[in-house]
Every structure is written in C-alpha cells, then in structure tokens.
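Asks: Okay, here's what each chain looks like letter by letter:
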Amino acid sequence: MRPGSLFAALILPFALALAVLSGSASPATAAVEVNINQGNVEPLPIAIPPFAGRDQRSQNVGAQLAQVISSNLQRSGFFRPLDPNSFIERNLDVSVQPKFEDWKVINAQALVNGSVTTEADGRLRVDFRIWDVYNGQQLQGLQFLSTPENWRRIAHKISDVVYKRLTGEEGYFDTRIVFVAESGPKTARVKRLAIMDQDGANPSYLTDGSYMVMTPRFSTTDQEITYMALRADSARVYLFNIETARQETIGDFPGVVFAPRFSPDGAKVAFSVDRAGNSDVYLMDLRSRQSTRLTNDPSIDTSPSFSPDGTRIAFNSDRGGSPQLYVMNADGSGARRISPPGSGRYTTPVWSPKGDFIAFTKQTGGQFHIGVMRPDGSDERILTTSYLDEGPTWAPNGRVLMFFRETEGGASRLWTVDISGRNAQLAPYPSAGSDPAWSPLLK
Amino acid sequence: MDRVRSANLTPALIASAALHVAAVGAGFIVWPHDTPTVLMKASAVPVTIVTSAPVADIRPAVEADVQETAAVPEPTPEAVPAPPAPVQAAPAPAPTPKVAPAPAPKPKPTLDLDALAANLPKPKPQPRRPALDLEALAANVRTPPQPRAGPTRANAAQGPARVETDTKARPAVGAAQGLSGSEIDALRSKLIKLWNPNCGVEGAANVLIRVEMRLTPDGRVIEAVDLDADKNQSHPVLSAASARALSAVARGQPYSELSRDTYAFWRDIIFTFNARDACR
Amino acid sequence: MPLTLRSAVNSVVVLAALLALGACATPKPEGPAPVPPPPTAPTPPPARPLPPAQPPIARGPIPGSVEDFVVSAGDRIYFDFDQYSVRPDGRLVLDLQAAWLNRYPGVQVRIEGNCDERGTREYNLALGARRAESVRAYLVSRGVNASRITTISYGKERPIDSGTNEDAWAKNRNGHTTLVSGAR
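Protein chains in written order, with our numbering: chain A, 1 to 443; chain B, 1 to 280; chain C, 1 to 184.
Hints in this document: simulated from the structure, not taken from any laboratory. The reader is advised that the hints may include incorrect statements.
Pairs of lysine to any residue residues, derived as SDA-like cross-links and limited to a Cα-Cα distance of at most 20 angstroms, are as follows [unchecked claim]:
1. K164(A) <-> A205(B)
2. K443(A) <-> V41(A)
3. K164(A) <-> K190(B)
4. K190(B) <-> T147(A)
5. K193(B) <-> I270(B)
6. K190(B) <-> Q38(A)
7. K190(B) <-> N35(A)
8. K193(B) <-> K443(A)
9. K190(B) <-> D93(A)
10. K164(A) <-> P236(B)
Computed footprint of chain A on chain B, listed as stretches where at least three residues anywhere in the stretch have a Cβ under 8 angstroms from a Cβ of chain A [claimed, not checked]:
11. 181–190
12. 197–206
C-beta: ideal position from N, C-alpha, C; glycine also.
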C-alpha cells in the first residue's frame, strides 16, 4: 500500500471525527478556522553552534562535530545551517535552556547544541539537544558514547537524529559508499575499488588497480560487498568482506559473469551470466552454492535487483526489441514489463529499500537521465539529465540517490539527487569515481 | 514546565556493538590465480560502535532559568520580537540573578493571562472544554464585544455580520465570525509566509495539521496545541510536520492584524495546515 | 550514422599501421589481397629483427605474426549502434581473418566485444558479449575450429577512441580479435 494512503486512511478520519466531536460538544468555544493551503517551502534555518567542552581538546572536537553535522544537513537540501558568525548567544551550556530570543533574532527555527566530555575511561561523551526555537521547547535530547577517534560517526548519528526529528524521514548520514575510483585516460582507465564515508571522509582503496573493477554492491545485512572484476580474459563476480578483506569468487561459470546484487537477506546473490551471446539472470545461494537460472530468453537479461521483501526482482531486458525494465517473481516466473512504451531506453533498475520506487537510468535522444518510477511502472519522474548519468544507488532511507555523471570529455564524478529532483549536487568526493553503492545504516 | 520535560527524551535505540578495524593501510594478501592479487582492507571500517543513551541523566534545562527567559518578554509583550535579545545577549550569567526576581514580575503581566496560561496546560484538545473558567476570564476582557459589531460590519461582508450576533450558535466552520474578510486574508497570508512544510518527505502532500491557538487581546499566543497531537506524535513525518506548524503559529506573533475590538471572536483560532496544494 | 565501408576499412588500415611496431608497415590498399603466405606455420623463427637501424627496405611484417594478422586481415570489425550482427564490411574482414587463421592452425584467438559509451555498463557487457559471439560464430562458419576461439566482453570499458562524437563511438563499437598464442 502506498504510504500516502496510509496517512489518509488513518489520519483524516480521525481529524474529521475530532472536528465533528468538538464542534457539536462545545458550542461555547467556537473558534475561527483559517485554512492554510500554501506554504513557504524552503530549507529549514537551523543553528548549530560549536558543541561546548571543558578543555581545549573537547572544544576542538565540539567545533568539528558542529561542522560535520552542519554540512550533512546542508547537503540533504532540507536544512539551511546558519552562519555561526551571526550567533548572538555564545558558549551555550547543554544543560541550560538557550535564550530563544537570541536565536529568533537570526531566524533560527531550530537549534542544536551539545557538549563534549571525556569520560574517566577515555571515551568521548556527547550530549546534545534539539530545540524548537519559536515554541521554546526541546524536541529531543540524546547522549552518545564512543571512542574519541570515532567522533565523526557520532556527528553522523546526531545528524541522523536531527534529520529524523525535523523531517520525519530516517536519516542516512551514518553510512558509507563503496565505489570505483577512476584514474588515467579514457582509453586506459585504471579502476580501483574504494570506500569512503557518506560525506567523503576517510576514503581508502580496496584494490590496487591491476585489474578493472565495477558495479560494487553492498549487502543489506553485512559488511560485505559483491563486485565484478574484468581482466583481459575473464569477467568474474566476487564477494568481498571489507572487515576481513576476505574475498572469493562467486561460482565458476564459463563466460562473462556480471551485474551482481545481493538479496535483501544477504543470503543470495543475483547476477547475469553470458553464454554464447545470451545473457540470463541467475541466483546463487551463498550457503549451498547452488545456482538457479531465473530467466531463459534469447535476449539480454541483466541488472537484477530485488524488492526489499525479497519476493520480486526487477531486471533489464531487451526482449521487446530495446532495453526496458521488467519485474518478475523471485523464482523467475511472471516477468512483466513496467517501463512505459515508446519513451526511451531503460536500464539499471534498482529497487528502493523502502519498496516504493524503482530507480533507473534512461536514455532519450542523446541524453541520459536518472529517474524513479513506482514498481508497477506508474508515476515516472525524471530527476536528472546530462551527457551521461548512470548507475543510481539508494541511500538507506529511500529518499536520496547517488549516481555518476560523465560530462563530454570529462571525468566521471559522483552525484546525489533527492527523489523530488530538486536537490542535485556533486557528492563530496573530489576525484573521479563511478558505480557508487550506498551502504545500509552502520550498526 | 511540564511540556518541556515531557517532550524531552525519546529513547534511543542504538545498541552497542564492537567491530574492529584490523590494521589501517594495506594488508596484502596473495591469492592463488584467478583472484585479484592485492587487496586492502577498508581502513574506514568502524572501530567501536557508537552507543547512545537517552539523556535521562542529563539535567533537564534548568527550569528556573527557563521560566525566566520566558517570563522576561512576557511582561512587555510587544518587545518580544527582536530588540530585547541583543541586550540580554551579553550577560550570559545574568539570568541566574534574575531567577530570584522571577516570582516578582509574575504579577506584573496581566493577571488574566497568567491565569489563562495556567489553566491551559494540556496540549490535548478535549481539555479545552473544561476551560470554562477561561471563558469567564475572557469575558472580562471581552467588555468591548458589542461595539465590535459596528466596525466589523463595516469591513466585512454580509455573512459574518449576522453571525457575530450569536457567536455561540456557530461552531467553527471556517467562516469568518466577527472577523473581516481582510483580517482573515491577512492571517492567511501571514501564515503562508511562515509555514515551511517539508515537501521532500514521503507523504508530504497528505500532511494535515490542525493547530488551535488562544490569543491575548494584544495578539500574543497564550497556548497553541496540535489538535491531533496524540496521533501525530506517533508518526515521525507528522510529528515533524506538527512541530513546523506550531513553529509557524508561534512566529506569527503578535497577531496585530486582528482588531482588538473583536477579540471575543478571535480569541481562539484554528489553523488548518493542508499540504496538499502546498506540496504539489 | 553507420560507418561506410570505406571508412571502416580505412580505420582498420590506420590502426594496423599504428599497431605494426616493426618496420614501415606497407598499408595494403583496399581489397582483400592476401599477404604472401609462408609455407607452414609454426616453424620457430629466429629472433625478430628489432633494434638496429635498418635501411628503409620496404618489407612486410613477418608472416604468421600478430603484425601480419593485423595488416593482412585486420583485427577489428565494427557494429552499428546497439547491434550485434556482422555488417558486410565486417564480413570481408572476418573472411580474411578466417583465411589467415586457417593458414596458421596453431594460433589461438580471443574475441573481445566492445561497445560505445552510449549505453549503461551492465547492458553493454551483455551487448559486447553478443558481438563477440557474432564474430566467433562467423569465424567458425568459415572453418575456424571453435576450440581455438574464446570470447569475452569488455562492455564499454576499453574504448579505443576517447572522443564523444559519433565517429568515436563508431570505432568503439567493435569486435576485436586478439591472437593469444601460436603467432610468431
């Protein structure tokens, strides 16, 4: 069921009933009703002063926390962190209510303040509160404990809490991106597997570039990824545990093996195998190592992507004459085209972790687009357009996508866009990259 | 302040765990043949997982201070908007001393308002009915209701003019009761500017938040409540939307576009924030 | 905008010239004029005459060598956008390849399918595999033993022209025949 209809089903009747009740029962308290049907939609002005600390070290961490949180929220497009130079009240104490009037002056609608303390055992304790400035209320208050070198993750977790409290959506900041770091000229590109925090921090390589890697994907349940490696004479799919660096090949298929993606429970991997020019979708059970062929069609069948409940698989096929999106049951039955007829070439379907959308790459004319549509093919929205946009991956909250964009003659860069299409921007990774894959929220 | 405290601490869910990074940097592992020859561990692998706990053990914001800050502007309602703030900015420790005088200033503001506020603590819609005392209180203020008939009619169209003669007969309908069309328009356009619905979230267009506010005769908000608070608090998107609607209402102060003469008719106003069009 | 036959052949020739690392490659004009075939294939020849500055004696590549294959047959054929059927110009090249391979039966080849960048990565891996298979099937139909041929798809990962126009894309849509072993 569409979440929107859930609202309507649950909330509206309640509101109506309430209106009737109060109307009939309290004639004495008649109130004027004013309907507000329009708003002033803009990023929420939010103030995030440096978190307080007793000693210099804590103060430094506190300042960095505020910065990381600010830039996380800013990138989301939902917030407009205010310039700290404009702040009137300084040195806030997290255990004392702020002077809201000072924050109203600069039109901060929300305020996040906090403190950093080093515990006796050396751990870092961060307390913070979210304030509704105009109502003078605390919206939330939490405390995090961790080792000092983990301060960035604390900042991301706080960002997630703030994001959720003020938007209602789950956050996605305490996550990482595995991707392909690119270097060298187009005709001799070096492609290395790399990983970084969602905000571009802590980038590091996972492979050395002696062979090409592509299409890494996170397991939804683990610190595990699957990716494809291309050498002069082989195209193989691997599993790679980023915690232990343990790696293994999936299956021993003759032919080209590619397009791997985990099932939602992490127990299987769907992928494509090409044999004699015919690509079909296969499914391997990682425990039993048994593989099943899911499609059996002379056309190209590739890019499988599970629905989050594991019952269906979206995939790409040109069985109708051009590449289009299809959905089939997880056992391979009931394949049905979902992309609309006559409107372009569709590839790389990726099911949202929320289940409500399928993201894709679309080609029309000479342009590439990232878009989303409902799993039944309705409600298509084109979010981006450029010379080459490709390979969307979902943030775990299902509201933000990362993809890669290549300009004509330029390097490939990582980008993000929200599913409204309003907020497209370069991802915070300064070099060339492609094939991003967003991790689930870290545990 | 009950509200401050109760709105406080949502329990945190994050449990702790311990993952370990092996060495930072490159662990070189040689694999037989087909496998890649060099692998490096992700140096970014989480070390110790962050644990979190509700701030239950944090002092709630000092209540005395809180009331102080709140109390200060109250006596001089019109000063609230901006000016006083900078003045207070410098003496950060100052509030504490002010705590003492706190009780003193209390009487200063219109007693009625304090009483009103005191009687209106609960955010639930139903309690409003028992607030009959408020009626009485408001009645005091309401002395000038009758004259209102004149001015209002002057501004307003036919409909309202008739209605206002018996306010009680008509429950909230959305029609202007004793309010001129231009006053309603002014209210509406003010709130349209102040309401910042988050249209980027799932189900944004289905958000409908009803906020009832009670005003002082000079247009300050005594109390504003989300009429569906119970339901809304349990849903993150609605909860966030509720906070934004309440914020818009609070930012609308003072509601000086409303004629003091017709106070009895606008003492209670219900704003219905409907995102259907706003987030289309 | 498919490549014309002539430009296809031209680019084969140009490429051949580039790839021929030895002495001055004598670009074969058009036609499928076969190169002087050596008597038998795998007679281990002496080391190749590489470094010393040679007087410009116009001499063809060593028969049976990679250079010989490239120059006398051509190692690449080209495809239309999103297509994998062998075009007539490609057939000419593949006929030469088949003849050459039949002449040197000890040579093993790998067919590599390539695509332009006007498609997504995974789809292009599949498309490249189709192209490689088309080439393989054609060579087999011309008498090359299937066991001598392997195929791989490089998708759009190994373009030979970094341009962003139809000319570049047309070059990048190809099937490339690499001599893996057995060549001189």
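Asks: Which earlier hints turn out false for this structure, listed by number in ascending order?
Replies: 2, 3, 4, 8 and 9
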